[in-house]
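Asks: Below are the chains, spelled out letter by letter.
Number of protein chains: 2
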Amino acid sequence: MKKKERNLYLSNVDVEEALDLYFRRVDEHLYGLDVEKVQVIESQGRVTASPVFARLSSPNHNAAAMDGIAVKAKTTFGASEANPMRLKQNRDFVFIDTGDPIQEPYDAVIMIEDVVEIDEETVEIIKAASPWHDIRPIGEDIVAHEMIVPSHHTIRPVDLGALLSGGILEIEVYRKPKVGIMPTGSEIIEPHEPMGEGKIIESNSRVFEGLIKEYGGNPNRYSPVADDYGLLREQLLAAVEENDMVIINAGSSAGSEDYTVKLIRELGEVLIHGIATRPGKPTILGIIQGKPVMGIPGYPVSAYFVFDTFAKPLIAKYLGQGVPNRPRVEAVVSKRIVSALKHKEYVRMKLGMVDDQLIATPLNRGAGATMSLVRADGILIIPQNSEGVEAGERIQVELLKDMQDIHHTIVSIGSHDLIMDMMGNYIHRQNARYHLSSAHVGSLGGLMALRRGEAHMAPIHLLDEAYGEYNISFVKKYLSNLDMALIKGVKRIQGFILPKENPKNIKNFHDLTREDVQFVNRQRGAGTRILVDYKLKENQIDGGAISGYDREMTTHMAVAAAVASGAADVGIGVLSAAKALDLDFIPIGDEEYDFAVPTKYLENTMIKLFIKVLQSHELKESLEIMGGYKFDRAGEIIIIN
Amino acid sequence: MKKKERNLYLSNVDVEEALDLYFRRVDEHLYGLDVEKVQVIESQGRVTASPVFARLSSPNHNAAAMDGIAVKAKTTFGASEANPMRLKQNRDFVFIDTGDPIQEPYDAVIMIEDVVEIDEETVEIIKAASPWHDIRPIGEDIVAHEMIVPSHHTIRPVDLGALLSGGILEIEVYRKPKVGIMPTGSEIIEPHEPMGEGKIIESNSRVFEGLIKEYGGNPNRYSPVADDYGLLREQLLAAVEENDMVIINAGSSAGSEDYTVKLIRELGEVLIHGIATRPGKPTILGIIQGKPVMGIPGYPVSAYFVFDTFAKPLIAKYLGQGVPNRPRVEAVVSKRIVSALKHKEYVRMKLGMVDDQLIATPLNRGAGATMSLVRADGILIIPQNSEGVEAGERIQVELLKDMQDIHHTIVSIGSHDLIMDMMGNYIHRQNARYHLSSAHVGSLGGLMALRRGEAHMAPIHLLDEAYGEYNISFVKKYLSNLDMALIKGVKRIQGFILPKENPKNIKNFHDLTREDVQFVNRQRGAGTRILVDYKLKENQIDGGAISGYDREMTTHMAVAAAVASGAADVGIGVLSAAKALDLDFIPIGDEEYDFAVPTKYLENTMIKLFIKVLQSHELKESLEIMGGYKFDRAGEIIIIN
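Chains as they are written, first to last, in the UniProt record's numbering: chain X, 1 to 641; chain W, 1 to 641.
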């Protein structure tokens, strides 16, 4: 492996300063984005380059506002209940329908409900009509030459209606800004290529494409380029030529394969390299031939937030639009979040309404955690000068999902099992309004969350060593102040998760102490960890004698993945996790995976739906395929306190 | 004109009841919407038909979390500051970059900042590494076989990233529901056709197309069909065959050209005809061959709300999604709104933040008012059993625009002039964050709005008869409790607006009393109305002697439109309105059109922007083209109290 040069000098520019500086520099170059004409019927989502004035009035004629008869108002004067007046067709009146034009000499409408038909050509009225009564005058809605939409307006469906009614067929809009996307890196492969050692599937460019389209731009993705200066240079020159702005992805960390900053410096100018943000620090903001060229880090979450912070406002600027910001909502944060003073941080949060309080819980903060973006309900922005937030603090969260969805979400915090994703899937299928949100913090963490009023339910599987019983005594112990119930869930099999064929012939807990055996554990507070410690105690084994006892994973699947990859020789987990990754499994025993729920929620529509799905045929079928589950008591409710 | 049959029997079914009844009937037919496979990279906006599980883990290998060296943890035990340890390349360590795979026998990473390079193949460390330190294990983000997205999930850009990273190339999604749109009516013309007597440009179908696309459906618009039973029948049969649901537009009023209800009854079943909603009463909900077929009224605003109430949820149902509801916000209503008890009403509202209070003002309630939909910031729904709301009442408003935009809107309530649209256009061009919202209620109405704290400014042109002076004395009189300023605007010319060539030879106010002359007036409280009354008084003419004195229009353009159409022979208004419609004009005199503003707003960024635009070159150029304006004092600030 070659020795590499290191560029250790990244700046740490404040995000707002960076935005300000960058935008002032690119501003000089952003005027004069081309204007094009489009058909009104194809203009949805486009941004007007100039105001649009009506060509015609609407209505374009004086029109009857009701079905009835058109009369000359003067003719009807004197008609009353005491003195009904008869009118002759085609002399005093004509029948007319809503929207029909009012012709001379008529100048008023009497609605049909106020007209009595006497015979074929005669009607009777008992009330006079005032001039222009029940007539929609020309231009009542749109007057020719009035402005229908201003410039820099994004065309919505309702605007289409007004434009067409005003006689407009074509409008002038801004050309969509072209955004070049260059994925780079020798480790990158396209999704359809076979996975190889050390390879990473290129995905950020597709996320960018999607976001660019949402913001009204035209994405232009180039094929991935390896870390070769010459190839990168050639592609970058082409990209700058063909687009209004360019995003180069990956290779922007201060590492030896970092050509991006050198390239931008050579072909143009690097304004900033290194932003005080987490994730996303090694961002590069540059200009080549007057066009913005950005180096965005490769880690998916970094890529997302850097794009959101810098590329999105640029696209908005090209289109003369304000930056589309996410709606904000106030919430209470459920756990302490620590943040360094040196950077601004974007923390992904889950949100839930519990007892009319909006609770926000942080998700995994690793910069590569794509799933944290998928699962996030909102973002908490911790400013650079802040050390974080305390549990219970009121915070502002930017919404990534609809508040409506969040209101209709069951908040589950506690122990992880594969069935929770399946439950969420079936709940949403049963009733599209509802969602299940699962946070995996372990069984004890779940009970603590219930105690603090942050969840509707906690999945737990806590073995009471003294009684050999599951769950009930823990609920009594930790939640003595709340009226609690236990919804029975499933019985599942726990055991040793081993590589296929169990090459190291691991059979029992004593084997874990072997020098050649690497163990991987669960986190403290997890029901599985409690089971492990119970078993070790039963076997009189000290955790310290096990290599890897301190290595903690937070889900069954993570344990299975570690074993499958060779990062560990054995772990303890559920059969379904081993089965999912085609691993060997030696059962230790059954355990009960139940749901602790405050009794006040039992009548809640969402919880009733949860129980219904828990007892459903579809779930049973899925569990049978997943393996290792028994569900004869599923949905049974036990009142504890 | 033929005599027509009348169907006077419309029901008045409660909206919620209608929805419930209709959905229970169509439910039987909605299962089994086809599923199709799409490429992940083309799946944005599509709805998953089944949950998607990862095929690969991500990372797919144990990866270095930092740039540095990969070591065997055991080897490093004992290293400390007091006891630095030297390591040899390729025996004890290798250099490694972030993301690179960890190869046997290495099992930990020490970041480069903690490594001192001694020579070509030797480094020194002062701290031991624990096993798996700074390594991202396989599956840290996504574990093979875990659920990435559930079913009935709409794919967003972030989901694309996770799916690709999980090795998924294709997913199963629901086919987009096909929605057939049939515009009908003999008065309908296509936008490109020449306007004719009594014709109406077909526009609702395009609004539906846009909305259907937004909701994830596939619109399928048919060419407009005249009111011919045979032709309609043929097209409806084809539409039912080719689509999942059909919308028939127009012709659904209880009028003689109403074939829609007969047709649906003949080919299938009419469940409901007539809903207790305003606008939108004559809606038809039917079923043909198991598919929903709706008759939606032709008036644009009725069409919009009926589509929103009935078609939108149906499309959501097809896709297994919850109905996308508009966000709600609480506001204070600025004027009394009366509503009948017999129907649910959708009132279009303008919203503005004034002194941290969100104020809602109703717009024009005519069902044909397309521009009210374009201009509306929100909808106030008045339930069926409510008689309306009082001024000052707190109400829930459904947002049609972003709250961000509403926060950045200058609220102007008062007298109308063409320059206000132009001002709004230029303000938004100057700074895409800002908007100008204009409500036309007349000069006095504007002052009252300021008094109630509902606006930032009131455009006024009120002539003080005693002093022959404009505006200042009225501000003093009506707003004595507020510190007020007057921003000078423009001088504009008022006069008689007359048909081209002035065929009736109208020269002065006395001519208005002629029997052959139809006048059209402005509404009480309008500055122009005050001018008219002043002039009549000056000429000793009684308003009652003028035919049409009671006929009130609310804007200059409406007056001009009435004259242009022949609905009136003369009106009083500004030169620019006459010029816009190519009408004759006899000047009466100059008047001053200024802006009354509470002094506390003068330092407001938005107001300063307003003044800047008022004094801008672009505005002056536009005013010159519009005609009749003088602007030498524009932007001057006079402190009144």
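If you are wondering where the hints come from, they were derived from the structure by calculation, not from laboratory data. Please note that the accuracy of each hint is not assured.
Pairs count within a copy or across copies, as identical chains cannot be separated in the list.
Unchecked claim - Below, simulated DSBU-like cross-link-like pairs (lysine-lysine); rule was C-alpha separation at most 35 Å, straight line:
{"id": "1", "residue 1": "291", "residue 2": "312"}
{"id": "2", "residue 1": "608", "residue 2": "317"}
{"id": "3", "residue 1": "401", "residue 2": "312"}
{"id": "4", "residue 1": "317", "residue 2": "401"}
{"id": "5", "residue 1": "608", "residue 2": "72"}
{"id": "6", "residue 1": "612", "residue 2": "312"}
{"id": "7", "residue 1": "213", "residue 2": "504"}
{"id": "8", "residue 1": "72", "residue 2": "37"}
{"id": "9", "residue 1": "127", "residue 2": "262"}
{"id": "10", "residue 1": "500", "residue 2": "401"}
{"id": "11", "residue 1": "488", "residue 2": "612"}
{"id": "12", "residue 1": "620", "residue 2": "491"}
{"id": "13", "residue 1": "500", "residue 2": "612"}
{"id": "14", "residue 1": "317", "residue 2": "507"}
{"id": "15", "residue 1": "630", "residue 2": "199"}
{"id": "16", "residue 1": "476", "residue 2": "72"}
{"id": "17", "residue 1": "213", "residue 2": "401"}
{"id": "18", "residue 1": "488", "residue 2": "608"}
{"id": "19", "residue 1": "504", "residue 2": "178"}
{"id": "20", "residue 1": "88", "residue 2": "199"}
{"id": "21", "residue 1": "74", "residue 2": "535"}
{"id": "22", "residue 1": "291", "residue 2": "335"}
{"id": "23", "residue 1": "199", "residue 2": "127"}
{"id": "24", "residue 1": "74", "residue 2": "537"}
{"id": "25", "residue 1": "500", "residue 2": "74"}
{"id": "26", "residue 1": "491", "residue 2": "199"}
{"id": "27", "residue 1": "213", "residue 2": "317"}
{"id": "28", "residue 1": "291", "residue 2": "612"}
{"id": "29", "residue 1": "608", "residue 2": "291"}
Here the structure is a predicted model, which means the values were calculated and not measured.
Asks: Could you work out which earlier hints the structure fails to respect and list their numbers in ascending sequence?
Replies: 5, 7, 8, 10, 13, 14, 15, 16, 19, 22, 26
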